[in-house]
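2 protein chains.
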Amino acid sequence: MPEFVSGNAVIGQSGGPTAVINQSLVGLVEGLQAGLATSGKVKRILGMRHGVRGLVKEGEGGLVDLAAIDTAKLEAIAATPSAALGSTRDKPDDAYCERILDGCRRNDIRYFFYIGGNDSADTCRIVSEKAAAARYELRCFHVPKTIDNDLLENDHTPGFPSAARYVALAHMGDALDNASLGGIKINVVMGRNAGFLTAAAALARGAATDGAAPADRPAPHLIYLPEVPFSTDAFLADVEAVYAQLGRCQIAVSEGIRDETGAEIGPKLMRSDERDAHGNVQLSGSDALGDGLADFVKKGLTPAGGKAPRVRADTFGYLQRCWPYTSPVDVEEARAVGRHAAELAAKGDASASVIMVRTSNAPDAYRSECRRADLAAVARRTRHMPAEFIAGSNDVTQAFHAYCLPLVGDLPKMERL
Amino acid sequence: MPEFVSGNAVIGQSGGPTAVINQSLVGLVEGLQAGLATSGKVKRILGMRHGVRGLVKEGEGGLVDLAAIDTAKLEAIAATPSAALGSTRDKPDDAYCERILDGCRRNDIRYFFYIGGNDSADTCRIVSEKAAAARYELRCFHVPKTIDNDLLENDHTPGFPSAARYVALAHMGDALDNASLGGIKINVVMGRNAGFLTAAAALARGAATDGAAPADRPAPHLIYLPEVPFSTDAFLADVEAVYAQLGRCQIAVSEGIRDETGAEIGPKLMRSDERDAHGNVQLSGSDALGDGLADFVKKGLTPAGGKAPRVRADTFGYLQRCWPYTSPVDVEEARAVGRHAAELAAKGDASASVIMVRTSNAPDAYRSECRRADLAAVARRTRHMPAEFIAGSNDVTQAFHAYCLPLVGDLPKMERL
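Here the protein sequences come in this chain order: P and X.
Numbering of the first sequence is given in the working numbering, commencing with residue 5 and proceeding in unit increments.
Numbering of the second sequence is given in the working numbering, commencing with residue 5 and proceeding in unit increments.
Worth flagging that the hints you see were computed from the coordinates, not collected in a lab.
Some hints here could point you the wrong way.
Just so you know, same-sequence chains aren't split out, so a pair can sit in one copy or run between any two.
Here are the simulated lysine-lysine pairs, DSS-like style, with alpha carbons at most 27 Å apart [claimed, not checked]:
(1) 303 <-> 95
(2) 311 <-> 95
(3) 302 <-> 272
(4) 272 <-> 303
(5) 61 <-> 95
(6) 134 <-> 45
(7) 311 <-> 61
(8) 77 <-> 417
(9) 77 <-> 47
(10) 45 <-> 77
(11) 77 <-> 302
(12) 272 <-> 134
(13) 302 <-> 95
(14) 351 <-> 134
Computed from a predicted structure; not experimentally measured.
With the hints as constraints, model all of the structure from the sequences given.
As structure tokens, then:
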């Protein structure tokens, strides 16, 4: 087998940033510097500005020299949330991937690393196939990243543990706020297709509550996932039962909840007089679902001629993915997946997606490893909450609790009178 | 002067909870146990469930015995956010205060402590005056608490530093998220009448930027306070200028912004077809302002026939006041104000509001003290951002930065390429 040609390496970050995505970037730089750059296989280590946009851009400014950054600065960047190189929402199609390949040719790139979700894995796959067809020697690696935790083959994905930690901490504090003033509190959590992040709210309880009736669970009393068809009637009945018994109710709901036909719930809750001049439902922002559910509950639970209950909704928004304090496990693993991609490249792998595998979940002995999967096994498709993590229509199981708890780091102890 | 009678002490928590309000509760219990309880002046230390509601309630369950709680549990409660006794939004009028006085008589209460904002100070004032008029010996103390930081006589109020820390951290992470994907990001911060908490977003910049043009400031580029009349036209021009230059713009805006007539901005931004059947503007939840501003900016900055800019809004909501991680200065001061109230009572003060005074703001030598003020000096009225903290129509000054920075604790360093 002839020797693989030497050339430059390029690294990009794509999609919604996470709090630890720069750990993967720095892990890649470290891994390349320790391996392929030392052996002379990799000449320059370049970063793409705003993902593949930086590579397809003609002229100056799309690529930066990452090897020129000193270790102290790299470490500081690793500890900083959000994509230091900038990110992009572009999902390259065939023609776009052709331009990516042109960018590789133009810049003598022989190693292509893309940190992102299933779309990024797909970009790697297409580019890799195009390069092979064109007999341009190029090695393509996908490094996993997404707070949604929805990549196939992965036990979990870097970015998720820190976001899950934020969601758990938020529900811990908010549960006490709700208890102190009473009423119904709805928290809308990110994750349009997969419910892992919403499910992480359950960690706020301090213990698994599999099988307990909603009012007997510590808050959050109710958890609604996109994997479970959402019925507004059942929801109202659930909330009413908890509120009647406790005078309060904390609810975690995924932004992606859908009814049994797959239709999103937010628009269903908007009243008909909130349509625009063209008759379209007005969904002006990400807060529509929270406000819609709050309105719906308030109306549904106000007795005829009686006082409306206190109902509040918060939509957690972007802070979930960029909060500066992270999960220690996440920090370590996000660095490791980057380093592992460089190692796979050094070992001669032609293309792969790095995956996270859990090797031990014994109490106080959580361990994980990086391994490889084919790009096609991760590309495009979405992983959902498995059945064993879902308890009925409004909760998660002990199995989910055991799965998620080791990822988020120590949680503070909340004491009550 | 005849000796003051001995009897029971009662403590309550009122209004929106904070992350450190239980420090004040525990400080009071400690202070009473070290002083008046030791000397026999205070027999029982009682807690009111849900503020004065617990005291006016007939029968069981409205009061709890705080002296029965061991020190380890008290410390754990102190470190837990939100009101452990429960809170209330009741703002007692004259008749309600009469019932509070009855509750004191019924429970042999001679020391009344209320942790809260200016309404709680006013409750203390009215109850104190009623007791004097009725010749019922009662000493009444207000202990300051509010994330809004809007109490007169106080340099700042317990609860504000931790909330300010949350707002600063949120803007730090979110600024990087905004930089990585570009576009316009609007963050709506709590504080309906006072802009201190919104202003704390400026700490995310790492340094004061007094006098810099918006696009030359690190994010947040624009800060809008309720103290400064808000013009939608000027706002759009501000955003457009930053966005044109940087391709992004991060904005911190108070939920309480008003136009020059004092009218709230949220309803002004709602379109006419979003009125209900009675013609009333629909403001379904707390997110209306953020969504309204986002819509307004998107429309205003979309070129004719061109592509709309990416505009997103987050409404920070309740997490600002209940996030489990706090400012160390806030923890210490919230404990101190509680202890100080017990000490004032032990020294024979008949009624007072504890106030926070800054005694040193030398670099790395911030110091504060608790002192007393008359209840009437704090009751009811609202403190606003002073003129020297406000820079033009969309920023805060170096003086605000110097004021706020020592309160929030160390902030992480963010590094960029």
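For each hint, the structure was consulted:
no.: 1; hint: 303 <-> 95; verdict: between (42 Å within a copy, 26 Å between copies)
no.: 2; hint: 311 <-> 95; verdict: between (50 Å within a copy, 18 Å between copies)
no.: 3; hint: 302 <-> 272; verdict: both (16 Å within a copy, 24 Å between copies)
no.: 4; hint: 272 <-> 303; verdict: both (15 Å within a copy, 25 Å between copies)
no.: 5; hint: 61 <-> 95; verdict: within (16 Å within a copy, 62 Å between copies)
no.: 6; hint: 134 <-> 45; verdict: within (22 Å within a copy, 86 Å between copies)
no.: 7; hint: 311 <-> 61; verdict: between (60 Å within a copy, 20 Å between copies)
no.: 8; hint: 77 <-> 417; verdict: between (35 Å within a copy, 11 Å between copies)
no.: 9; hint: 77 <-> 47; verdict: within (21 Å within a copy, 60 Å between copies)
no.: 10; hint: 45 <-> 77; verdict: within (25 Å within a copy, 61 Å between copies)
no.: 11; hint: 77 <-> 302; verdict: neither (51 Å within a copy, 37 Å between copies)
no.: 12; hint: 272 <-> 134; verdict: neither (44 Å within a copy, 54 Å between copies)
no.: 13; hint: 302 <-> 95; verdict: between (40 Å within a copy, 23 Å between copies)
no.: 14; hint: 351 <-> 134; verdict: within (22 Å within a copy, 84 Å between copies)
Comparing the model with each numbered hint stated earlier shows that hints 11, 12 do not hold.
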